[in-house]
Amino acid sequence: AQTVTQSQPEMSVQEAETVTLSCTYDTSESNYYLFWYKQPPSRQMILVIRQEAYKQQNATENRFSVNFQKAAKSFSLKISDSQLGDTAMYFCAFMKIGTNAGKSTFGDGTTLTVKP
Amino acid sequence: GAVVSQHPSWVICKSGTSVKIECRSLDFQATTMFWYRQFPKQSLMLMATSNEGSKATYEQGVEKDKFLINHASLTLSTLTVTSAHPEDSSFYICSARDMVTGGLNGYTFGSGTRLTVV
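As they're listed, the protein sequences go chains A and B.
Mapped onto our numbering, the consecutive letters of the first sequence carry residue numbers 45 to 160.
Mapped onto our numbering, the consecutive letters of the second sequence carry residue numbers 10 to 127.
Note that these hints are calculated values from the structure, not bench results.
One or more hints might be untrue.
Claimed, not checked - Okay, derived cross-link-like pairs now, BS3-like style, lysine-lysine, Cα gap no bigger than 25 Å in a straight line:
| no. | chain 1 | residue 1 | chain 2 | residue 2 |
| --- | --- | --- | --- | --- |
| 1 | B | 23 | A | 114 |
| 2 | B | 73 | A | 122 |
| 3 | B | 64 | A | 140 |
| 4 | A | 147 | B | 64 |
| 5 | B | 64 | A | 159 |
| 6 | A | 147 | B | 23 |
| 7 | A | 159 | A | 147 |
| 8 | B | 75 | A | 147 |
| 9 | A | 147 | B | 73 |
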């Protein structure tokens, strides 16, 4: 079974600053994907970024980037130039691929507040 | 982009009645859909995996007779909360796995249903 741990229940950052959200996971699988999802106050889950485990290069999506350390089983999310609209709960998620693939395991979430 | 429509967005029902929640993929086909329950400021708790044309797979501790799931087509899954009680009040979210991408682009989530049982 997989576990995903987000050790920061709450974080805050000043607008335009940079913030990093931590995520660690535990798995015996070698083939998997990792995701960061955002859940703003509307509660609509939105995919922020994804990382294929077989790729060494860290994924980036505009102001969002990850630091993927496979050996350490770490997958942190960096948000640059934080905006007020980034205020949300962020979930790290693990998804196994291959046989019996599909179910995602979510961390407990980090509530991020961007302050003006 | 991929869109999942979830209805209703909120519902209030009387204790003992049943409520049906629909999850529909609008622009893609989904062989698999997932149903989650979420309490305020907590993570998503997977309730069951819904597979088109077959019985749903329920997570441990989830009463399958209470939370009926039907996935009759490649674009529609329904969750029926039977004989609802106040402790069933929660936020329910569905997500759908694109049959073509296999979910490798991430799953698309519905907007959620807030159920209040009075």
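Consistency of the hints with the structure:
Distance restraint check for residue 23 of chain B and residue 114 of chain A: the Cα-Cα separation of roughly 49 Å exceeds the 25 Å cut-off, and the hinted pair is therefore not satisfied. With a CA separation close to 40 Å, the supplied pair residue 73 of chain B and residue 122 of chain A exceeds the 25 Å bound. Distance restraint check for residue 64 of chain B and residue 140 of chain A: the Cα-Cα separation of roughly 22 Å lies within the 25 Å cut-off, and the hinted pair is therefore satisfied. Using a Cα cut-off of 25 Å, the hinted pair residue 147 of chain A and residue 64 of chain B holds, with the two alpha carbons roughly 16 Å apart.
A hinted pair counts as satisfied when its Cα atoms are at most 25 Å apart, and residue 64 of chain B with residue 159 of chain A does not qualify at roughly 47 Å. Taking the CA atoms of residue 147 of chain A and residue 23 of chain B, the gap is near 33 Å; set against the 25 Å cutoff, the hint is violated. The straight-line distance between the Cα atoms of residue 159 of chain A and residue 147 of chain A is roughly 35 Å, outside the 25 Å bound, and the hint therefore fails. The suggested pairing of residue 75 of chain B with residue 147 of chain A holds, with an alpha-carbon distance near 22 Å, which does not exceed 25 Å.
Proposed proximity of residue 147 of chain A and residue 73 of chain B is supported: the alpha carbons are some 18 Å apart, at most 25 Å.
Of the numbered hints given earlier, the model fails hints 1, 2, 5, 6, 7; all others are met.
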